[in-house]
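Asker: Read top to bottom, the protein sequences are chains X and C.
Be aware that the first sequence starts at 1, since it is given in our numbering, and climbs by one per residue.
Be aware that the second sequence starts at 1, since it is given in our numbering, and climbs by one per residue.
None of these hints come from the bench; they were simulated from the model.
Any given hint might turn out to be false.
[Said to hold, decoys possible] Under the rule of at most 30 angstroms between Cα atoms (straight-line distance), these lysine-lysine pairs were calculated in the BS3-like manner: (1) Lys132/C to Lys52/X; (2) Lys111/C to Lys132/C; (3) Lys238/X to Lys198/X; (4) Lys132/C to Lys122/C; (5) Lys23/X to Lys162/X; (6) Lys162/X to Lys47/X; (7) Lys111/C to Lys122/C; (8) Lys162/X to Lys122/C; (9) Lys277/X to Lys181/X; (10) Lys198/X to Lys23/X; (11) Lys181/X to Lys36/C; (12) Lys122/C to Lys177/X; (13) Lys47/X to Lys3/X; (14) Lys181/X to Lys132/C; (15) Lys36/C to Lys177/X; (16) Lys30/X to Lys162/X; (17) Lys162/X to Lys111/C; (18) Lys132/C to Lys36/C; (19) Lys288/X to Lys277/X; (20) Lys177/X to Lys198/X; (21) Lys198/X to Lys181/X.
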Amino acid sequence: MTKRTIVPIGPYHALQEEPEFFKLHVEGEKVVHLDIELGYNHRGIEKLSESKTFEETVFLVERICGICSTSHPLACVQAAEDAGDIPVPERALFIRSMVGELERIHSHLLWLGLAGHFLGFNTIWMWAWRFREDVLNILELITGNRNHYGMMKPGGVRRDIKHTDLPAIASLSEGLKDPIKMFRDAVVQDPLIHARTKGVGILTREMAIAYGALGPTARASNYAIDVRRDHPHAAYDKVDWDVVTCENGDVFDKAVVRILEMFESIRIIEQCIEQLKKIGGPVDSDPKFVAAGEGIGHYEAPRGEVFHYIRSDGSNRPIRHKVRAPSFMNVPTNRETVIGATVADATIILAAVDPCYCCTERMAVAVDSSSGERMLDARDLIRLSCEKTDRLVADSGLQGPSLPIER
Amino acid sequence: MSNAINALTRSLNVFHLAGSACNNCDIEILDALTPKYDLERFGITLVGSIRHADVLLMSGIFNRKAAIRAQELIAQAPKPYLVIAIGGCPATGLMWRDSYNWERPPGDFVKIDAFVPGCPPKPEAMISAVVKVIEGLRSGELVPGCLHTSDTVAGDPALETAGGS
Numbered sequence: 001m002t003k004r005t006i007v008p009i010g011p012y013h014a015l016q017e018e019p020e021f022f023k024l025h026v027e028g029e030k031v032v033h034l035d036i037e038l039g040y041n042h043r044g045i046e047k048l049s050e051s052k053t054f055e056e057t058v059f060l061v062e063r064i065c066g067i068c069s070t071s072h073p074l075a076c077v078q079a080a081e082d083a084g085d086i087p088v089p090e091r092a093l094f095i096r097s098m099v100g101e102l103e104r105i106h107s108h109l110l111w112l113g114l115a116g117h118f119l120g121f122n123t124i125w126m127w128a129w130r131f132r133e134d135v136l137n138i139l140e141l142i143t144g145n146r147n148h149y150g151m152m153k154p155g156g157v158r159r160d161i162k163h164t165d166l167p168a169i170a171s172l173s174e175g176l177k178d179p180i181k182m183f184r185d186a187v188v189q190d191p192l193i194h195a196r197t198k199g200v201g202i203l204t205r206e207m208a209i210a211y212g213a214l215g216p217t218a219r220a221s222n223y224a225i226d227v228r229r230d231h232p233h234a235a236y237d238k239v240d241w242d243v244v245t246c247e248n249g250d251v252f253d254k255a256v257v258r259i260l261e262m263f264e265s266i267r268i269i270e271q272c273i274e275q276l277k278k279i280g281g282p283v284d285s286d287p288k289f290v291a292a293g294e295g296i297g298h299y300e301a302p303r304g305e306v307f308h309y310i311r312s313d314g315s316n317r318p319i320r321h322k323v324r325a326p327s328f329m330n331v332p333t334n335r336e337t338v339i340g341a342t343v344a345d346a347t348i349i350l351a352a353v354d355p356c357y358c359c360t361e362r363m364a365v366a367v368d369s370s371s372g373e374r375m376l377d378a379r380d381l382i383r384l385s386c387e388k389t390d391r392l393v394a395d396s397g398l399q400g401p402s403l404p405i406e407r
Numbered sequence: 001m002s003n004a005i006n007a008l009t010r011s012l013n014v015f016h017l018a019g020s021a022c023n024n025c026d027i028e029i030l031d032a033l034t035p036k037y038d039l040e041r042f043g044i045t046l047v048g049s050i051r052h053a054d055v056l057l058m059s060g061i062f063n064r065k066a067a068i069r070a071q072e073l074i075a076q077a078p079k080p081y082l083v084i085a086i087g088g089c090p091a092t093g094l095m096w097r098d099s100y101n102w103e104r105p106p107g108d109f110v111k112i113d114a115f116v117p118g119c120p121p122k123p124e125a126m127i128s129a130v131v132k133v134i135e136g137l138r139s140g141e142l143v144p145g146c147l148h149t150s151d152t153v154a155g156d157p158a159l160e161t162a163g164g165s
């Protein structure tokens, strides 16, 4: 029997930008088990959200993730609108879809570049990020910032798009087609990319459904799930587009799905521009409060469905805000895809779901598996000790040592 | 200017130390290295290990779990090194100061040489920071925080020969 060893990756490593800790259990070159430890990125956003007003909450959830900085706010404002039955002007819906699709292109290009980098094709990385700059230029033109757009608010969007800007936006997005075609050809025709990614890290359709995989990860496994079509929101039911799927669920198909989705995104953006030329009117219904109630918001983020739940008691702050990001569902599929692969392939397989750990962070509590009891760290022990002292003081009236210091 | 400091004004090896960041500063850091801004022209390149680093770029707040690991990691960096805080989070903590998982600003456990404010700062701002830091080192106005004598270990010969203030 081969000896089993553990290869630790992280938490600070060259593989991914965010801190997270992988433990690869290997026998020789083969990965037999995978542990993922998170928690380095947890910032307590759901709790913080309860201390913010509904308008501030949007800026807070925008900073859950820098790549999905339209998806989270959009799902959040839709949840608030659902809770308070707030109407949204039609023009705002098209602007929302447009910014969302631009974000999808930039996110997919970003992933494509990083995937190329992991496979040793730094040329793809540099080219993809060079054309990503064009997308950021459009976003800067529309929203005023390259990232963290600050566009969404309950009841509409914060900034209108000027009519004079529309031709420039149209020509810039037209200019994205050729580079994306170039990437499509580079990936689909390159024999080396075939050799590295075809048949690697296969997620079957059954397993995609069993794990509840979302977004491109599911669609590459021929599981056609897309919230934009299944629960129409923003302007997605008013434009013509297709859900892209592939058959095999390997890394190659995940790349192909993302590349083809970029063409669909450009299609949606072009239709949005045409509609914005026709539809005038306000972009914000300017709600004064969110009525008491519960609301849910979905949005198909570049990585899959992002889900927000908001409960309002009629005050100006949510009393409960729940966030579920797509990576929360997609990262566990790594257990299905990485096991049995070689260490050299593990890199690209782990990256193929486009994991976003800052979206998916949860608080981790260590539990002893034999007794089921929570394990304590030094801070907990000190707290328990202090509490016992307080209890003794309260119960027996004993006083602690008195020091001759004036308080 | 000692040789060690002089070397810091040449091609810099950058290590990217992301705390509990939202990824945006991290992406803008990579943006600064890719063709549009192309800091690699000047020999500035990302390295995979902190042991090869001249500059640590810190982004995001450092939460209760990440702060411990970050301190362990920074202790492995070869002196002298520069620390640049990218974005508003490592400087002030922004909205995360109220969070239950907020530990303390990274300025408490490492001396930060330059702050690049913004959410996220543009690549131009980062390039400007690098230029200012290099000018400061050349003119002697800036002494890397890791060499400040006030709280270095007394009698550590390695630090004294490295040319502190």
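Asker: Need the list of violated hint numbers for this structure, in ascending order.
Answerer: 1, 3, 5, 6, 13, 14, 16 and 17
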